[in-house]
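We have chain S; now place chain C onto it with these hints.
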Amino acid sequence: MSVSSGRKITQILGAELDKLVTLPLIWLTLIGTFILNLVLAAAFTSAGLQGAAGTQSILNIGLASMGYLQAGFIILGILATCSEYTGGQIRTTLTTIPWRGFQLSMKHLALAIITIPVAFIIVASGVLYALIMMRDTAVGFEIDTMIKTLVGATGYLTLTTLLSAAIGALLRRTTPALVILLGYYFVVSPLTRDFQPKYFPDTAGSYMYMPPSSDEINVLTPMQGTGILMLWTLIFITAAIVFYRKRDA
Amino acid sequence: MRAFNAELSKLFSLPGIWLAFLIGAFAPAVFTALDSIAEKEEIIAGVSTRLSEVGYIGLSFGVQGVIILGVLAVSSEYLTESSESGGGQQITTSLTVVPSRLHFLLAKAGAVTVISILLCIVAIMTTVSATHLILGEYAPAFEWSRLIGAVCYWTFTALLAFGITVLTKNGIIPLAVLMINSSVVSFSVLLSKITKLAFYLPDRAGLDMFMFTSDKFHTPSTGGLVMFAWVAVFFIVAAIVFHRRDVAS
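Chains as they are written, first to last, in the working numbering: chain S, 174 to 422; chain C, 10 to 258.
Treat the hints with care, since some could be wrong.
Here are the simulated distance ranges between beta carbons [stated by the list, open to error]: (1) Arg180(S) with Phe13(C): 55 to 61 Å; (2) Ile208(S) with Gly145(C): 48 to 54 Å; (3) Arg180(S) with Val250(C): 46 to 52 Å; (4) Gly96(C) with Gly205(S): 24 to 30 Å; (5) Leu234(C) with Leu196(S): 39 to 45 Å; (6) Val246(C) with Val324(S): 40 to 46 Å; (7) Leu115(C) with Trp200(S): 33 to 39 Å; (8) Leu196(S) with Gly95(C): 21 to 27 Å; (9) Val194(S) with Leu23(C): 30 to 36 Å; (10) Glu50(C) with Ile208(S): 44 to 50 Å; (11) Arg11(C) with Lys419(S): 41 to 47 Å; (12) Ser138(C) with Leu211(S): 42 to 48 Å; (13) Phe275(S) with Gly97(C): 30 to 36 Å.
If you want the footprint, here are the derived chain S segments under chain C, 3+ residues with CB under 8 Å [unchecked claim]: (14) 210–221; (15) 240–254; (16) 348–361.
If you are wondering where the hints come from, they were derived from the structure by calculation, not from laboratory data.
This structure is a prediction, so every number in the text was calculated from the model and none was measured.
Every residue gets a Cβ at the ideal spot worked out from N, C-alpha and C, and that includes glycine.
Next up, chain S with everything else stripped away, as it sits in the complex (with noise of 0.2 Å):
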């Protein structure tokens, strides 16, 4: 049967999209991720108010709970390929899919549609509440670097999401990617920040979203951090394909 190859990859993409949309565990670590950041928002925006009012910027505040909010993106990244090895899964859809190749990267793209815009959404709603609550006392900002912070925020998510996406196809099992991921963002990097350079995925990222500040030295660029986290999500994606294309299901 010969099916040509646009067609093949339109018809994996909505196989792909429809395994991710109805994994309920999906759903769940994101409307959990929404109320999360919204009781984050709230908590730092009541602190910020309690603290020196009037030097804070809005854009700062409403993004202050991006450190905790990745950890649900890491979460839904991992169990998207991890959710294909419980329960054998896996040869069902290598059975209907015999492209390995093809098949990871359309998982990864379906990610990442889905991705996008619940990650805006998250994102945009934090600072919406920041903005709504603070409008009085915070300083100001133009709207065009609300957007553009915005976006970077965005960006931020959804590669952390492919990354991790990645490191559980690699894996194979949730826990110890899990583990591995979550000690790696949460323990190891923040206490290590001193001594590391600043090209590891997580620092490098945080440029894409982080305010410029004249009062630290940016090493990077948005655009720099961006490429530097691109790269590091596209070099985990290769491995994690062809470790993939070579080994036993």
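Structure of chain C alone, referenced to chain S:
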């Protein structure tokens, strides 16, 4: 007693448990070593304000290991096996062999407690030797009361993870929440900036058992009691829920 032995044997044969042991036993020593190297000059000059915390800071992060232990102990029971090997859950077998659910839960909690106490003793030994190796004669003396506090903190955290996982049946959520919460950017630290009530959260109260930081709120014994109360509440709720719940659901 036989149920307890069985639980120990089950825990030791879990594939993910080695990750927990590795993190629990060596992560504190590594953090302490890094911290000591960074602080070495100040300590030798006698101007360090953090001499009393050297070592303990590593122990407060190494608790990640027992979190994994507590979560895995329960979540592995609920892991659905692949449909090719019957699609069963270990919990059904476990409860067939040990029909009394309370006994089962107690035996499991006992096994988790014993392992986390042992793990903490190992961690203390590696941490103490790491400080002596790096700081030499300047290494602070470790007081027994604080070390016992650290052991209690590890054990209570493991039991807390255990209790929460019995309620959720899925390892991802407790693992993510507890790991982030015991990291540098914890929710409770954030909340404690807003309300004094946050000092009664289990991890903030528990840390007061052995960390003598400036924002200390409880005495070591009240901190321990508060944390123990949390553990007791979670354990009782978990026991009731576990007793009433249909295993297959």
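Each hint tested on the structure:
The hint said 55 to 61 Å for the Cβ distance between arginine 180(S) and phenylalanine 13(C), and at roughly 60 Å that hint holds. At about 51 Å, the CB distance of isoleucine 208(S) to glycine 145(C) agrees with the hint of 48 to 54 Å. In this structure the supplied range 46 to 52 Å holds for arginine 180(S) paired with valine 250(C), their Cβ-Cβ distance being about 50 Å. Between glycine 96(C) and glycine 205(S) the CB atoms are about 27 Å apart, so this pair conforms to the stated range of 24 to 30 Å.
The supplied range of 39 to 45 Å is met by leucine 234(C) and leucine 196(S), whose beta-carbon atoms lie about 42 Å from each other. Checking the proposed 40 to 46 Å range against valine 246(C) and valine 324(S) shows it holds: the Cβ atoms sit about 44 Å from each other. In this structure the hint that leucine 115(C) and tryptophan 200(S) lie 33 to 39 Å apart at CB holds, the actual value being about 36 Å. Restraint check, leucine 196(S) to glycine 95(C): a C-beta distance of roughly 23 Å satisfies the suggested window 21 to 27 Å.
Between valine 194(S) and leucine 23(C) the CB atoms are about 32 Å apart, so this pair conforms to the stated range of 30 to 36 Å. A hinted range of 44 to 50 Å holds for the C-beta pair glutamate 50(C) and isoleucine 208(S), which are about 46 Å apart. Here the CB-CB span from arginine 11(C) to lysine 419(S) is close to 45 Å, well matched to the stated 41 to 47 Å. Against the hinted window of 42 to 48 Å, the Cβ-Cβ separation of serine 138(C) and leucine 211(S) comes to about 46 Å, which satisfies the hint.
Our hint of 30 to 36 Å for phenylalanine 275(S) and glycine 97(C) holds, since their Cβ atoms are close to 34 Å apart. Check result for the segment 210–221 of chain S against chain C: holds, 5 residues qualifying (beta carbon to beta carbon below 8 Å, three or more required). Given a C-beta distance limit of less than 8 Å, the hint that chain C covers the segment 240–254 of chain S holds, as 5 residues qualify and 3 suffice. Given a C-beta distance limit of less than 8 Å, the hint that chain C covers the segment 348–361 of chain S holds, as 8 residues qualify and 3 suffice.
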